Amino acid sequence: MKAKSFERGILSNYDYKKSTNKVGLAFVIVVILIMVGSMVYPILSTLFNGLKANTEVNSFPPRFLPSEWHFDNYDTGWNYIDLTQFLGNTLAIFLGNMIVTVVVLGLAAFSLSKLNVPFRKGIYFFFMITLFIPPSTYIIPNFLNLRDLGLLNSYWAFWLPAGASAFFLLLLKNFFDDIHHEMFEAARIDGASEWGSFIRIALPLSIPIFSTLAIFVFSSAWNEWFWPSLVMQSDDTYPLATAIYKYVIQARRLDLNIRFAILTMVMLPPIVVFLLFQKYIMRGLQLGGVKG
Amino acid sequence: MKQQVAMGRSPVVKIGRKPGRWKKHLWGYLFLVPAAVIFVLFLWVPISKGFFYSFYHIDFVKGNDFVGFDNYKTVFKDADVWIAIKNSLYYMFLGLVMGFWVPILFAIIISEMRRFQGFVRIAAYLPNVLPAVVLYGLWRWFYDPVGPINGALTGLGTSQIAFLSDKSWSMISIVFMESWQQFGSAMLIYLAAMLSIPKDWYEAAEIDGAGIFRRIWHITLPSIRGLLMLLLVMQLISTSQGFQSQLALLDGGPNKATLTYALLIIKYATTRLDYGVASALGVLMFLVLGGLALLQFRLNNKGGN
Chain A
1 MKAKSFERGI LSNYDYKKST NKVGLAFVIV VILIMVGSMV YPILSTLFNG
51 LKANTEVNSF PPRFLPSEWH FDNYDTGWNY IDLTQFLGNT LAIFLGNMIV
101 TVVVLGLAAF SLSKLNVPFR KGIYFFFMIT LFIPPSTYII PNFLNLRDLG
151 LLNSYWAFWL PAGASAFFLL LLKNFFDDIH HEMFEAARID GASEWGSFIR
201 IALPLSIPIF STLAIFVFSS AWNEWFWPSL VMQSDDTYPL ATAIYKYVIQ
251 ARRLDLNIRF AILTMVMLPP IVVFLLFQKY IMRGLQLGGV KG
Chain B
1 MKQQVAMGRS PVVKIGRKPG RWKKHLWGYL FLVPAAVIFV LFLWVPISKG
51 FFYSFYHIDF VKGNDFVGFD NYKTVFKDAD VWIAIKNSLY YMFLGLVMGF
101 WVPILFAIII SEMRRFQGFV RIAAYLPNVL PAVVLYGLWR WFYDPVGPIN
151 GALTGLGTSQ IAFLSDKSWS MISIVFMESW QQFGSAMLIY LAAMLSIPKD
201 WYEAAEIDGA GIFRRIWHIT LPSIRGLLML LLVMQLISTS QGFQSQLALL
251 DGGPNKATLT YALLIIKYAT TRLDYGVASA LGVLMFLVLG GLALLQFRLN
301 NKGGN
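Chains as they are written, first to last, in this note's numbering: chain A, 1 to 292; chain B, 1 to 305.
Just so you know, the hints here were simulated from the structure itself, not pulled from any lab data.
Careful, some of the hints might be misleading.
Claimed, not checked - Derived list of chain B stretches under chain A, where covered just means 3 residues or more per stretch with a C-beta under 8 Å from a C-beta of chain A:
#1 33–39
#2 122–136
#3 162–172
#4 196–206
#5 214–223
#6 284–297
Predicted, not measured: the structure shown is a model, and the values here were computed from it.
All C-beta atoms in this analysis are idealised placements derived from N, C-alpha and C, irrespective of residue type, glycine included.
Can you make the complete structure from the sequences, with help from the hints?
Here's what the structure looks like:
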């Protein structure tokens, strides 16, 4: 934020100087500190619990920092379940979903936005209306449908439906709408085909929106645990989140410190991605402010 | 539902009769084909099948049997259904009482921060990037009888609370956990809207003698009214379908206290293997939520999307 935008907000400089407001201001600062603390404390305690000895995690009342640092917990955690396998599965799901999103929804959004097809309003409506159908109402028929199609226990059960996202289509179409028509007219005059202008102009220009989508797709591939647990039926295909749910969260005889070490390993990648790509994520939030 | 599918596709057929136009827009339609096929196959077909299956007894081995309204009769006779509806309403209500106003309040405060605003925003959003499974593991420990919250309570000299196993606390604990996680994203959405309010409005109000709270009440809140309504409806839609935390942390217990309607659908399918009744429950939910969804649609359009 630029300093300039803070010339005033709800409060003016005069309000800040008024002594009667000083108490309120101090109170607000305390409230913010408490908020920040309560947001960060649980995350840090996950991290630190993963570094304690098991007896220390179980001691009451709990302490925040470990008294001795057990980095070997990570080693034990890593070998507790085949994390590399599950990580690979998650990445496979992410990559496939991303490719389908780019190709299928990219093409459709491009056509709806730039190719002037007749009845495109009606077609667009046919896609958008699905945004308003609550997914839980057809979650079981959806499962039965995948079963009928013979897609259970295969990555196609994720990859293909990844193209059925009205929300992503909306974001892409809005993005293409902002690209000038002239650019495509010029390409057409120079003899480019529709396919050519999609590949050579539309795709390269839409790298920012695809980065935003990539973050959405990544976070859902990383987070989703319930749906994959229905659709996938073996360790070879479980994504990371489902495996963690089955073997760590539901485990009865797993030491708490190891449990937290594993959870920390699962939690760190999204946090790192978030801190690195903050800008895109914040923009994605504004774009998707109205996501269901 | 089937009809809508046909409506969406009919243009293709019509164009076919005019060869000139057909050719001109060939690529345009070709580009739409993959998306249309996928939407039909993975959204419209399952949605229609839901209605269809709700009249059938589903058996993977022997094949499906038409049973008329039997599934619906089962639903209305099942006492769990009423418990689940009550729990879902309670869950939606708690979400509003405990979660809805907090982001608005903090957005107002943070929009006034002149320093460290970026840092506070990041901190507020951080829980949002935690994967759900980490959230469950973390908060199960937090709520544990020997966890940090009860540790603090003991330190203060009050008695301990069984956050998860006490019937009257379990739903509250789940809503608190979810509000903690989702707080940041709603806050950032409000914040963006508040920062775009013209500053001269406040200036004018101040000159006219409006105090801080009256400025918030008469300028800030009315300016975000549309967004507020939209997020309210969206929260209702999403909480009415909530089941994952309830399933992961408590499996609907203790004594069905966190058995929400959506969780009941899942249970019918996964533990009782009665997919017909699960579909019927879904259809009923669809009919009720349809009204809410229409409202969201209208708000969305008004919001100038």
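Q: Quick one: see if chain A covers the segment 196–206 of chain B, three-plus residues with Cβ-Cβ under 8 Å.
A: holds (count 4)
Q. Do at least three Cβ atoms from the segment 284–297 of chain B come closer than 8 Å to Cβ atoms of chain A?
A. holds (count 7)
Q. Quick check: the segment 122–136 of chain B, covered by chain A? Criterion 3+ residues, Cβ under 8 Å.
A. holds (count 13)
Q | Outcome, coverage of the segment 214–223 of chain B by chain A - at least 3 residues whose beta-carbon is closer than 8 Å to one in that chain | A | Since 4 is at least three, the answer is holds.
Q.
Please verify the coverage claim for the segment 33–39 of chain B: does it have three or more residues whose C-beta sits within 8 Å of some C-beta in chain A?
A. holds (count 5)
Q: Can you take a look at whether the segment 162–172 of chain B is actually covered by chain A? Rule is 3+ residues, C-beta closer than 8 Å.
A: The restraint on the segment 162–172 of chain B is violated, since only 0 of its residues have a Cβ under 8 Å from chain A and three are required.
In this structure, the one hint that does not hold is number 3.
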